[in-house]
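Asks: Listed here are the chains, written in short residue letters.
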Amino acid sequence: MTPPPNNHDLPPVKEIDRLIHEPARLLIMAHLYVVEAADFLYLMNQTALTFGNLSSHMSKLEEAGYIEVEKSFVDKRPNTRLSLTDAGRRAFEDYRENMRGLLA
Amino acid sequence: MLTDDVDLKEIERRALTAYHEDGLLDIFIGGYLLFFGLSSFIEFEHRIVVSWFLPALGTLLYSEAKKRVTYPRLGYVRFTKEMKHRISINMFMVLFFAALVTLTGLFTNMGVPERAPWGTLLLNQYNLLFLGGVFAVTFLMMGRIMSISRLYQYSVISLLVFFAGYFYLDSPFIVSEQSLGAPCAILGVMMVGIGASHLRRFIGRYPKEA
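Line by line, the protein sequences are chains P and X.
Sequential numbering of the first sequence, starting at 40, is according to this note's numbering.
Sequential numbering of the second sequence, starting at 3, is according to this note's numbering.
Where hints are given, some of them may not hold.
What the hints assert, rightly or not - Here are the simulated PhoX-like pairs of lysine-lysine, each with C-alpha atoms no more than 20 Å apart in a straight line:
1. X:Lys69 - P:Lys115
2. X:Lys11 - X:Lys68
3. P:Lys115 - X:Lys86
4. X:Lys86 - X:Lys69
5. P:Lys110 - X:Lys69
6. X:Lys68 - X:Lys210
These aren't lab readings, by the way, just hints derived from the structure by calculation.
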């Protein structure tokens with residue numbers, strides 16, 4: 040008879056960052072993690088999120104201090120550039136580490 | 003999706019692939035090859051100088067085209083230092099490739115004395131085969147580094163075009179400038195055509211925001 044799994048070996052689920060855990064935000068964080076900075080249009084194209092959706096998730100991530108949003112004008116057009124903050128980069132790495140531990 | 007299988011390598015690869023989805027790279031490399039090929043049929047002054055000057059001009063035009071065509075449609079992305087390093091290696095390779103074509107052209111122009119070392123004679127005799135191999139390897143490496151699978155197609159196409167050129171145009175002992183120019187021009191036309199079709203698809207897929 041196999042012994043029951045030892046639940047104490049698992050990292051507590053509460054350690055999983057719920058803000059990043061949401062699929063759309065996870066996608067945004069992952070895309071920003073592999074580049075230095077990207078603008079709103081690029082993220083919309085790559086994540087296939089709508090303008091409103093991306094905008095709302097972007098605000099939540101910005102409030103949490105995970106991303107930095109820089110608004111400017113490029114060729115007289117408004118341009119929103121996003122990048123991960125150091126805290127965001129760390130949070131994403133921790134999230135990946137925790138998930139790996141949980142599902143290993 | 004919610005596991006550690008958020009495949010960062012794949013996301014990075016897709017970022018690079020999307021950046022080159024516009025076909026501009028094909029158009030610029032193909033355009034240069036086309037110029038190089040056609041110019042061997044037309045005699046004009048300072049041809050060598052123009053051949054050297056064109057890659058530099060092409061690089062400037064390429065970055066301007068990226069700004070006007072790609073960024074307003076796909077959006078702007080600044081790659082990490084590691085990726086930038088990889089991109090600059092790619093750019094170096096493109097320039098190196100252009101220089102190599104020009105040098106080989108010069109080599110063919112100059113001709114080889116009868117008592118030249120056997121390696122030089124062999125290179126001169128099988129110039130087109132050698133050049134086809136160089137093109138194929140260059141495209142293969144570029145495709146791998148830049149994650150652009152259509153560059154593999156160019157690798158095969160250049161082998162076919164140059165090998166066909168060797169058997170149909172080139173006499174083993176008479177290496178003419180035109181026999182080098184024709185395969186370059188054919189490859190150039192094909193690359194410009196494929197690039198233009200990618201550009202058309204890219205513009206349709208990513209319409210410019212009003």
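Asks: Hint by hint, say whether it matches the structure.
Replies: Here is what the structure says about each hint:
no.: 1; hint: X:Lys69 - P:Lys115; result: holds (14 Å)
no.: 2; hint: X:Lys11 - X:Lys68; result: violated (24 Å)
no.: 3; hint: P:Lys115 - X:Lys86; result: violated (27 Å)
no.: 4; hint: X:Lys86 - X:Lys69; result: holds (17 Å)
no.: 5; hint: P:Lys110 - X:Lys69; result: holds (19 Å)
no.: 6; hint: X:Lys68 - X:Lys210; result: holds (13 Å)
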